[in-house]
Amino acid sequence: MSHSTVSGGARGGGIGAFVRDERAPALPAPAATIGGFGWLRANLFSTPFNALLTLATVALALLIIPPLVRFLIIDAVWEGADRDACLVSEARPVVGACWAFARDRLAYFVYGSFPIPERWRVDVFFVFLALSIIWILRIDAPRRDLAAWNFFVVLPSVSIVLLSGAKLIGLAPVDTTLWGGVLVTIVVASVGIVVSLPLGVLLALGRRSTMPAVRLVCTLFIEIVRGVPLITVLFMASVMLPLFVPPVWTPDKLIRALVGIALFASAYMAEVVRAGLQAVARGQYEAAAAVGLGYWQLMRFIVLPQALRVTIPNIVNSYIALFKDTTLVFIVGIFDLLKTIEVARADPQWATPVTSTTGYAIAAIFYLTFCYMMTRYAMRVERRLGVGLGR
Amino acid sequence: MNRVLTLLGIAGAAILITSASIAQTLNTVKTRGSLSCGANGQLPGFGLPDAQGNWKGFDVDYCRALAAAVFDDPNKVKFVALTAKDRFTALQSGDVDVLVRNTTWTSSRDTQLGLNATGVNYFDGQGFMVRKALKVNSALELNDAAICVQQGTTTELNLGDYFRANRMRFKTVTFASVDEALAAYDSGRCDAYTTDASGLYGVRLKLAKPDDHIVLPEIISKEPLSPFVRHGDDQWFDIVKWAHFALVNAEELAISKANVDEQIKSINPEIKRLLGAEGNFGEQLGLTKDWVYRMVKHLGNYGEIFERNIGQGSPLKITRGLNSLWTKGGLQYGMPLR
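Residue numbers (the numbering used here), protein chains in the order written: chain A, 715 to 1105; chain X, -15 to 322.
In isolation and in its complexed conformation, chain A is listed as follows (with noise of 0.2 Å):
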């Protein structure tokens, strides 16, 4: 914005010369440089390469944006009772998503077969889950000492009698068979969350041992859970488990499930968190060493902090794939909520052309906004930590 502040008045060079002593007024910046279009020029177009790349993403962008619109909203049905609010008709020539499909099964999507008049403690149940992860999660909650006990053992414990009844207090016993939809896919992802990271954390330190049957076994554990595809883990254990052991010792289908994918996960993460201890410099080993702390005290002060702090992108990755992969239940017999979507879009009462789209459209903006928060709070968690400015 500096523009010459001395201009030449008369140049005869003598001691009359204008000498300007006050600055000129600032020039507006060039109109191709400010406002809107400065800022086009600046970031979209500012090489041929670059425009081609803007052009072709807002071709992509009409090519997509538009007729998703009109499917999922302009085009949409909003009320009906049946089928034929979703056919296409003489009023209605073109029948985009058919929403009065997913309100009519809405409450199937969330509870499954849970029996009606029980569903309360299903909701109670999302409500305190809810309640436990922010208090847990945010910074400036207060008593956060107290918010990891609540997390990692009351509201467990809570949740089980919760869900699965107890008599005693007169909560009527509800067999997991009748759990469904979004029910599972949170119970079956909030247990392989927090299971995998502790159970993962204990496998990597494990690997890294200097006791070699420690390492071994850990070794073992991760080559051999991380070399078998999640289905075949999830069908021994639904299939083949009760072919070893007799009916009375069979635990719940949902709970073989779980321990499954927890140990699965366990398994990924333990490799993500050694990526982690690998990056911690030596120096920090031996410098803690130097000062007396033990085994436990050094990973717990030293290494483990900073270890997990450059990790948090891989652990996130890895839980937003944790959460997609619970989808795999299924295979068990299991009703998570994409179970229950294609249960539902196979009922002749709603049978139409659309209806498999809106279930899917369901499911995808169901999983996409779950995975999204994630997402977000990871980003929040690393701006909070700085991780990346010192490496």
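Be careful, since some hints might not be right.
Here are the computed lysine to aspartate or glutamate pairs in the EDC-like style, where the Cα-Cα straight-line distance is at most 16 Å [as the list claims (entries may be wrong)]:
no., chain 1, residue 1, chain 2, residue 2
1, X, Lys273, X, Asp245
2, X, Lys14, X, Asp56
3, X, Lys225, X, Asp94
4, X, Lys40, X, Glu291
5, X, Lys193, A, Asp889
6, X, Lys281, X, Asp245
7, X, Lys62, A, Asp966
8, X, Lys193, A, Asp798
9, X, Lys60, A, Asp889
10, X, Lys256, X, Glu267
11, X, Lys249, X, Glu262
12, X, Lys62, A, Asp889
13, X, Lys256, X, Glu236
14, X, Lys256, X, Glu246
15, X, Lys155, X, Asp175
Since the hints were made in silico from the structure, they are not lab data. The structure displayed is predicted, hence computed values, not measured ones.
Since the structure of chain A is provided, determine the placement of chain X on it from the hints.
Below, chain X without anything else, positioned relative to chain A:
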């Protein structure tokens, strides 16, 4: 060495417990307080949870009938959704007491898999769906047609057999999933769509204009669907087998959900025997005298179960066809109770 022996002992005991509990299915069911039933969770009309999460369907009602016979309560059933892949393992391992999941009765399943088919509750077979506008009334008129079919199924093989046997030319258009095959048919890429007839009625509703399509009368393959139980428990095998015969007999004798309370006072000895007013046929099975009364009271006879789930009382509107009573030109024939 001792430890090894102990382990072997435990394993042996476990095997004994397993086989013992498999042989006593009725007792296991009674002790558990509910019947564990392997069902299809995704086949409209046969096994599918509704908006409230209650299982509904033709096969589902067979499970409920068994529960009604044992407990006098059709709701004492735990449904286990099984896929085509894991259904037999689930039955073999004792995870379910009975498998009622539109399963075709074949010799290898009846022998090699260690299972018993108990009796055909639905005679299915492969059929064709075409556009009405095509003005085709028989599958034999489908020469040179393009036919949409799901890949890698017996359906695809049967199709080839049928056309070759009738010296007709055809073009298959195969797809990995039912949905894709159906969408292709709907968009006009094929003249006909083929799958099991019971499925045709269900998928027809997914088309843009279901009324523009008809299901042709020809059935080109045999798919007798039957409930299955494990080998080695004849009592349970008898119960499941006779539950079906009893339901068919009830229809033949015109005993329905609505009139069963009057019919039990009937003077017809056949009705008296069936409903348990005379004789102890239920007790011979290990159940109560009134076991058939319970089933019909809660669920109705064979015809009622059929019409409610897949027949005229349902969106599928499947005609009885082969599944009519033998007295009406069909194949459903209940063995006599005496």
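Hints versus structure:
1. Lys273/X to Asp245/X: Judged against 16 Å, a Cα distance of about 15 Å means the pair holds.
2. Lys14/X to Asp56/X: holds, 12 Å
3. Lys225/X to Asp94/X: Satisfied, since the Cα-Cα distance of roughly 14 Å is no more than 16 Å.
4. Lys40/X to Glu291/X: holds, 13 Å
5. Lys193/X to Asp889/A: At roughly 41 Å apart (the allowed maximum being 16 Å), Asp889/A and Lys193/X break the hint.
6. Lys281/X to Asp245/X: Holds - the C-alpha atoms of Asp245/X and Lys281/X are around 8 Å apart, at most 16 Å.
7. Lys62/X to Asp966/A: Holds - the C-alpha atoms of Asp966/A and Lys62/X are around 13 Å apart, at most 16 Å.
8. Lys193/X to Asp798/A: Satisfied, since the Cα-Cα distance of roughly 11 Å is no more than 16 Å.
9. Lys60/X to Asp889/A: Holds, at about 12 Å.
10. Lys256/X to Glu267/X: Since the Cα atoms of Lys256/X and Glu267/X sit roughly 15 Å apart, the hinted pair holds (cutoff 16 Å).
11. Lys249/X to Glu262/X: holds, 11 Å
12. Lys62/X to Asp889/A: Holds - the C-alpha atoms of Asp889/A and Lys62/X are around 9 Å apart, at most 16 Å.
13. Lys256/X to Glu236/X: Judged against 16 Å, a Cα distance of about 14 Å means the pair holds.
14. Lys256/X to Glu246/X: holds, 11 Å
15. Lys155/X to Asp175/X: holds, 10 Å
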